[in-house]
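J.: Residue numbers (the working numbering), protein chains in the order written: chain A, 1 to 561; chain B, 562 to 765.
Derived by calculation from the structure, the hints in this document are not laboratory data. Yeah, the Cβ is synthetic: ideal placement off N, Cα and C, and Gly gets one too. Treat the hints with care, as some may be off.
Reference excerpt, derived from the structure (chain A facing chain B, CB under 8 Å, subset only) [as the list claims (entries may be wrong)]:
#1 Phe116
#2 Ile184
#3 Thr185
#4 Leu216
#5 Pro219
#6 Ala224
#7 Gly235
#8 Thr236
#9 Phe238
#10 Gly244
#11 Gly245
#12 Asp246
#13 Met253
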Amino acid sequence: MSTSAEKIVTSTHDGQKAEHKQRKWQDYFTFNTDHKVIGIQYLVTAFLFYFVGGALAEVMRTELATPEPDLVQPEFYNQIMTMHGTIMLFLWIIPAGAAFANFLIPLMIGAEDMAFPRLNAVAYWMFPIGGILLMSSFFVGPAQAGWTSYPPLSLVASKWGQEIWILSILILGTSTILGSINFITTILKMRMPDMDIHSMPLFCWSMLATSGLILLGTPVLAAALILLSFDLIAGTSFFNPAGGGDPIVYQHMFWFYSHPAVYIMVLPFFGIISEVLPVHARKPIFGYRAIAYSSLAIAFLGLIVWAHHMFTSGTPGWLRMFFMATTMVIAVPTGIKVFSWTATIWGGKINLNSAMLFGVGFISLFLIGGLSGIMVASVPFDIHVHDTYFVVAHFHYVLFGGSVLALFAGIYHWFPKMTGRMLNETWGRIHFALTYIGFNLTFLPMHQLGIQGMNRRVALYDAQFQSVNMICTIGSYILAVSTLPFVVNVLWSVFKGEKAGRNPWRALTLEWQTSSPPAIENFEEEPVLWAGPYEYGVDTEMIDEDSSIEEMLAEVSAEAK
Amino acid sequence: MQSSALDESKVTLNYHHEAAGHHGHPDHRMFGVILFLIGDSMTFLGFFAAFLIYRTMMPVWPPEGTPELELLVPIINTIVLVSSSFVMHQGQTAIKRNDVSGLRLWFGITAAMGAVFLLGQGYEYFHSELGLTTNLFASCFYALTGFHGLHVTVGVLLILSVLWRSRSKEHYSSGSHFGVEAAEIYWHFVDVIWVILFILVYLL
Chain A
1 MSTSAEKIVT STHDGQKAEH KQRKWQDYFT FNTDHKVIGI QYLVTAFLFY FVGGALAEVM
61 RTELATPEPD LVQPEFYNQI MTMHGTIMLF LWIIPAGAAF ANFLIPLMIG AEDMAFPRLN
121 AVAYWMFPIG GILLMSSFFV GPAQAGWTSY PPLSLVASKW GQEIWILSIL ILGTSTILGS
181 INFITTILKM RMPDMDIHSM PLFCWSMLAT SGLILLGTPV LAAALILLSF DLIAGTSFFN
241 PAGGGDPIVY QHMFWFYSHP AVYIMVLPFF GIISEVLPVH ARKPIFGYRA IAYSSLAIAF
301 LGLIVWAHHM FTSGTPGWLR MFFMATTMVI AVPTGIKVFS WTATIWGGKI NLNSAMLFGV
361 GFISLFLIGG LSGIMVASVP FDIHVHDTYF VVAHFHYVLF GGSVLALFAG IYHWFPKMTG
421 RMLNETWGRI HFALTYIGFN LTFLPMHQLG IQGMNRRVAL YDAQFQSVNM ICTIGSYILA
481 VSTLPFVVNV LWSVFKGEKA GRNPWRALTL EWQTSSPPAI ENFEEEPVLW AGPYEYGVDT
541 EMIDEDSSIE EMLAEVSAEA K
Chain B
562 MQSSALDESK VTLNYHHEAA GHHGHPDHRM FGVILFLIGD SMTFLGFFAA FLIYRTMMPV
622 WPPEGTPELE LLVPIINTIV LVSSSFVMHQ GQTAIKRNDV SGLRLWFGIT AAMGAVFLLG
682 QGYEYFHSEL GLTTNLFASC FYALTGFHGL HVTVGVLLIL SVLWRSRSKE HYSSGSHFGV
742 EAAEIYWHFV DVIWVILFIL VYLL
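This is chain B alone, in the form it adopts within the complex (with noise of 0.2 Å):
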């Protein structure tokens, strides 16, 4: 940042260089990921609202008669999950230490982490007593873990897109990286929700 004081006449001066174009510009890829991700968590919010409300507005909840939530294999995906995040740290660590093997091996295994959290999902949906349908609450479990779970697998993708792209080791570098920092931005918020979901779903 000290450098380029000197360089703020030629930013002024090279209107189609600077200001928007191909070579150089400044990187504002990063901005609109936030902004997408501001705009994904009211999703969430819908959901979790929509949760809240039957919660406080129906006179028994969960409805009679519903089974109780199993906890084991949701604590487990928690704890992978919510581990995963600190793992892909590392990845980020790596590169920005020009550590391309390193970057590969923590995005491998949040790869993976993430594999076995939608295992685990899918063991949970598979022995479960609810069906979709069974009452209000059994449907707003699938309908939230659900669009959990197929944001956990945009994620998983994501890590696997980088994993795909950084087989050259020219791809990522420690100066230019945003396809990394996108997938964990996008990974640490996908984390964030699940707690959130977590603490809703199955503990209050």
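Chain A extracted, bound-state conformation (with noise of 0.2 Å):
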């Protein structure tokens, strides 16, 4: 608490305002603690590890084409799939998520600064060198157990590639608890002082959830793997039946974690997509209590739906039926998300540019793969699809066609503010064009290969499959290819696009009141909370984008009258 005469002295720091810094190339290969460039460090980290991923998911695709082993071993097969997995979801969705949110929060509650800056640049650090030492596994065998890691399997089979796998994870781990210990801080302690926790933008609710799931899941995740770890190194028997242990207790400490972090890979792109769509649709968010409070109802509804991954593991009868019921009410928030952004863009004057293309796309892939988890939630059913290729096509529903697609929406969406610059509409269309075939060719046969009985995670499969898997691998050949007009237009528009002045989409939240990209202190003049966040429907046209704000604020005001 600073003293009223401490406030008197800073106020006369008023007058000599600091000359603008101008921010370096540099800045972004250093530990800067500034939360824009951290953010855009996050999402290009991220980025780079996604090719990693999706490079070894072709591998496996390719492999996949046929029943045989032809192009890689089968033991180089598991240890691909593991780190496709945990690469895509530690090093790509989870850092992604954190990179909006680094660059998005203190613009859009108007402050200056996360509220602890060099604990951000620090978790923001943790995360590449995470990244790089799970790479490092490459040289001694990475893990073959899958990102789940069950023991006993995890204790047999590539012992140091596991153990790296272990301590990366740890890294990573810490570091999004720090991040999310700085977002729970911002969000709640950082807001302007006109903005009440009801008038702050949806995407700051739904990092709230997500920040809260990480700092209670994560720490039992870490508690798992250091008696993993104990298990692997010093050889003692917390998961191996062997020594008289229980390898059930890993997958509950491991569920406990790893269910809540699915909302915290999607949580988060549930907030993009309830800031895009009202933007492009010019009108008002439908329900934005209901928004914002089924977040936290999935933030707290799944903290205890964990043992639903573990139907066919011996969980007794009553035990599953309690994680089936908790898990079909998570269809209820889900389902109040769902048809309020339909709402929302219902009616509305519907801008189709790229952001909306891969806005709507994820609406409906989202809900393809939302229903497919109320299907695996019952216990009959997932005892019959278990552990086969429906629960990949599920999972990649909800996480690509979900997270991936959002987040792409996110990002030509917010590029031109990052940038200054506009993306290419082409490309952005061409792009999202192949991205939404391609995942759809992907993963939608995945469904009947599921059904129909095809085991997950081997690298031979029955004969019959063959005709689907072809169509699935060519379908993923198409997703590769979908990311590189991406990355020609950002390549290119980040020198050559068109300038995007400060508000191209003529938003509303704050962080389209300052300049593109924002100025280091973020806003020049101080931000005006001159409307809610998703007050569209005014005659936005009248607005001209060079006037300043308080003749915006007059014309709305009038407006009003």
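Using the hints, put the two chains back together into the complex; each one sits in its own frame.
T.: Given below as structure tokens:
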């Protein structure tokens, strides 16, 4: 608490505003504490890892084009399968969510930076360190027990690769915990004085829920991995039945984190969608509080559903009933969101640009993933499809069709703010079309493969599945190619793209009140909370882009009268 | 707090200096420390849950042939650690009166009591018939007490760093002693965890 005397002292600094510092390109390669630099660092680093994870996926799909192990050895297949999952979850989707959170939260709430800037930079730098450590396991043979690393399998295969995997997840987990402390403090404590919690953008709500899950879930994963590490290195037998331990305990501890982790991976992108849709549909968000509170409800319920991953692990019947019920209840807050988004764009003046295409693409694919989620939540059905390609199809619809499509929607939406230049619209649409076609071609047929009984996580399969697998493989190639127009578009637009101006989408959230890219101190003039975050539908054509905030405010308040 | 009402208008206007920044901005560090401790408590919750599952699922617990744990040293340790929390609080009370030497005295005693706890635990490890891999109970015993001991070590280091910083009389004052408070709340946390751990591992 600063005393009033201190406040007077600080207010005298007002007169001597520091000279505007200029952003240097070196900033992006150093220990920089600016949340915008850290946000970009997260996004670019995560995207580089996305390439590695994607390349591994293509190796897997190429191997799976035929039933025999003709491209890679089955053991190596297990290793790249493990690495693909780990990279995509821990080095791509989770850091990409942190990227948007870092870049956007202080701008959206009118703050100068995060609550703990140095801690923020520490959290970022742990991420590439953990990532490179994970990559280094390729020199000793990576882990091959899948991203779940269930013992006893993880205790007998690739010992040193497994240990590196554990260490790297501990580093990455610590990084996300530090990040979440920052996000919660910033969102709750650093909002500009006029902004109460119900007028902050929905992205902040979703990050609040995400950070809560990270804070409560990740430490339990750390505990599980520390015990697993003891089993692996010191020869204890916490999870090793040979020495009197119990592998089921690991599964409980692992999923206590890793089911919430699914929401950690999708909630930030729910937030992004809640920002993108109203802007490009020119309509207020439908059900602000419903969307905000449903994020919290999902976070809470997400903590009490974990054993639905263990229906076939000897879980007693009454416990299966409990977890089946809680899992299905999650469909309610999730459904509230989907209906709210649909109602938001319903009857809107929709501008179907790349951001919006990815946004509505997200709704359609996430819906499929959500519905198949309810299917696998029911015990009788899950026992049939457990560990088959149906599950693979389900979580790729949620994590790729959901998270990654929304992530691209976010990039198309905020790229002008991040760089000051627009992305090329034509190439953006080509990117979307290729992604959407490639994705569905890859993963839709997997539902059928799973119901027919094709097991996941193995390099070999029954010859009867070959033709459908070939379709999946071709789809995955289209998906791989779809990234190229995006990369070219980004690289070209960063240097040569059309200038964006401060508010190309005529959006109302605060990040659009500052210049693009934002000044180092975020806002050169104090941000003015002149409208709720989603009050579209005023005649925005009237608002001249170059007019000052006061003029815009005058127009809007005149409108209101 | 009374006077701050007057300054509300200034707070709204001076966005650059109040919302976030370098000098005199509202201090959120304690809030961050509490969030961190919530996270850390979940790690222990994970360990405790695993321990309780083993305890309830295994037909015999502790497994047959496990030697009885000696209680004398851990009971002394518990008394030392619990009372050290009260000793430490005297240090915070002292700094609130601007009494730096009082802070140094009480924190010095606390650090010594923490060291006694660690030595006692070392003695217990050294003389125990249990080995890390003897059986599941022994592994749990070492994992839980070891992870807690790591926290005590960090706590002692935090107290020592407070002592180091308080060499200069000006570093901590009645109005500004975040480091003192952070070390203290961490120490209380470690203390509470020990009480739960002691009941779970030694008494149940």
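J.: Does each hint hold? Answer for all of them.
T.: Evaluation of the provided hints:
For Phe116 of chain A, the suggested interface contact is upheld, since its CB lies about 6 Å from the closest CB of chain B, less than 8 Å. Checking Ile184 of chain A against chain B by beta carbon gives a least distance of about 6 Å; that is within 8 Å, so the hint holds. This hint holds: Thr185 of chain A has a C-beta 5 Å from the nearest C-beta of chain B, less than the 8 Å allowed. With a cut of 8 Å, the hint placing Leu216 of chain A at the interface with chain B holds, because the nearest CB-to-CB distance is about 6 Å.
Checking Pro219 of chain A against chain B: minimum C-beta separation of about 4 Å stays under 8 Å; hint holds. For Ala224 of chain A, the interface hint holds, since its Cβ comes within 8 Å of a Cβ in chain B; the closest pair sits about 7 Å apart. The beta carbon of Gly235 of chain A comes within 5 Å of a beta carbon in chain B, closer than 8 Å, and the hint placing it at the interface holds. Among the interface hints, the one on Thr236 of chain A holds; its C-beta lies about 4 Å from the nearest C-beta in chain B, closer than the 8 Å criterion.
Checking Phe238 of chain A against chain B by beta carbon gives a least distance of about 6 Å; that is within 8 Å, so the hint holds. Given hint, Gly244 of chain A at the interface with chain B, holds; its Cβ is 5 Å from that chain's nearest Cβ, closer than 8 Å. For Gly245 of chain A, the interface hint holds, the least distance from its beta-carbon to any beta-carbon of chain B being 6 Å, beneath 8 Å. Against a cut-off of 8 Å between C-beta atoms, the interface hint on Asp246 of chain A holds, since the closest Cβ of chain B lies about 6 Å away.
Annotation: interface hint on Met253 of chain A holds; nearest CB of chain B at approximately 6 Å, less than 8 Å.
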